[in-house]
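Asker: Residue numbers (my numbering), protein chains in the order written: chain E, 254 to 449; chain V, 75 to 348.
No lab work stands behind these hints: they were computed from the structure. Treat the numbers as computed from the prediction; the structure is a model and nothing was measured. Note that the Cβ used here is the ideal one computed from N, Cα and C, for glycine as well.
Footprint (simulated), chain E over chain V, 3 or more residues, beta carbon under 8 Å:
(1) 182-190
(2) 201-208
(3) 212-222
(4) 285-291
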Amino acid sequence: MPTPTRIQAQKVTGLTTLVGKTGGIRDLPKFMAAVAEVPDGSTIILDWSRIDLATASYFGAAIVPIIRMTMVGDLDRYFVFAGLDQTSLDELKLVIEYNHLVIFLGDLDRGGGVRNLRVLGKLESPYLETLTAIQSAKSASASGLYKQQDRIGTRIGKTGWVNRLSHLHRLRLVKKHKVGRELVFETVQKGDPNGR
Amino acid sequence: MSQNILRVSDIEHFHWALSEADVPSTTPFNGTLLSLAAAVELAAIQAQQHRYPLLGRSQSFTCKNCPLWSLVKQSGWPERRKPLVRRTSEGVAVVIPAQAEGLWWTDCLHRLRNELMTKGFTTKLATGLTGGVAEMVDNVWQHSESAESGLLIYQVRTRKFAFSVVDAGIGVLASLSRNPRYDWLRSSMEAIRLAIQPGVSREDGGGMGFATLLNNMADLWGNARMRSGEAALVIDRTDTTENVRSRKEIYLPPLPGMHVSVRCALDPPRRPSE
Chain E
254 MPTPTRIQAQ KVTGLTTLVG KTGGIRDLPK FMAAVAEVPD GSTIILDWSR IDLATASYFG
314 AAIVPIIRMT MVGDLDRYFV FAGLDQTSLD ELKLVIEYNH LVIFLGDLDR GGGVRNLRVL
374 GKLESPYLET LTAIQSAKSA SASGLYKQQD RIGTRIGKTG WVNRLSHLHR LRLVKKHKVG
434 RELVFETVQK GDPNGR
Chain V
75 MSQNILRVSD IEHFHWALSE ADVPSTTPFN GTLLSLAAAV ELAAIQAQQH RYPLLGRSQS
135 FTCKNCPLWS LVKQSGWPER RKPLVRRTSE GVAVVIPAQA EGLWWTDCLH RLRNELMTKG
195 FTTKLATGLT GGVAEMVDNV WQHSESAESG LLIYQVRTRK FAFSVVDAGI GVLASLSRNP
255 RYDWLRSSME AIRLAIQPGV SREDGGGMGF ATLLNNMADL WGNARMRSGE AALVIDRTDT
315 TENVRSRKEI YLPPLPGMHV SVRCALDPPR RPSE
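Build out the structure end to end from the sequences listed, making use of the hints.
Answerer: Here is the structure:
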């Protein structure tokens, strides 16, 4: 799995205050260009650490369209948001929950990676359980999870696991690739939620 | 016809009488003082009467001694079209051009945030309130459909903050009605009630501005007043015994555009006996 690419919002926009729909519309092409430079299937850490303020309207116009593109399959990228202060995080939460989206949130570590990976947005408990199962196993297939379901504590059929994993992939919370004839799902970040 | 024209005396109905939150001095204005919101709304009334002189008798105001009125007049709004930032000891007036361009606005926001932090607001509150101001100004650009400028006036005092944003655009009812989802709206009051909810906008995917403003005021004492058309909606939290917000709906003669006024403080208002 390639190392996540870090995109700094401050470098992309040249600003530390990102406000309003007007600002979001202005900056959407800049973010789009930065994301397009990263290879398909990559994980991108969107770093907001040098941003003093980003508002919900800004996120709604500059970032939500890109997340939607990943969800409909037009853009093969996986995002982790990091470095947000509490005010900007509250704003991001507002717009993510309103739009029924789910994203990964993490804390930046000194090495430029992210730790303490967690979900922002409303994710139903079955999907959260499945995500946790994948994070603890690093990668898994539907048949693998089906075989381990006694340990996981969830008893559903293999198709149930396929559906859950496919939904998580649609939300871009897990990566998918083929090993032989089997679809294998893995976390968007190497290692555990702390990147270890 | 004259009943449809806003008069200076209507300001008494604004429920924006003198407030320790946003009037810093005791300079008299016709025996009283204009609050920040009242000064801005009077300027909007005057601008409307100049725009349509046939609708009613233009009224003259004697406001020479009111510092906030002087600040509003010094800004040159609504005639001025280019951005302008005027700072006085009473407050700051910012003329918002019809089109957002340049970095002047970002600089204004930086300065406002720093001012709030030096006057006792935490970084989180200062940032949040700055975001609220930014969103209200952004509404002028996104929704007013006006070639005329807008006006922002704000005052930062120790542990207190007040601001007003006004435009001479189409108003919230006409703006929301552009969205087929809300074309059933018939009154400005209905439109304002709806507009303050998250995600309600003329275009799908927007409408987070009021949520940003109100969320960031949630831990503060004070109120927010949204005024457009014939309606004014005041969201208030001044009760010192109960932490509840109340809503007041006030019907007034129509005023074009949108006027948002906020005043807030870190401390509860003093009771008269104190």
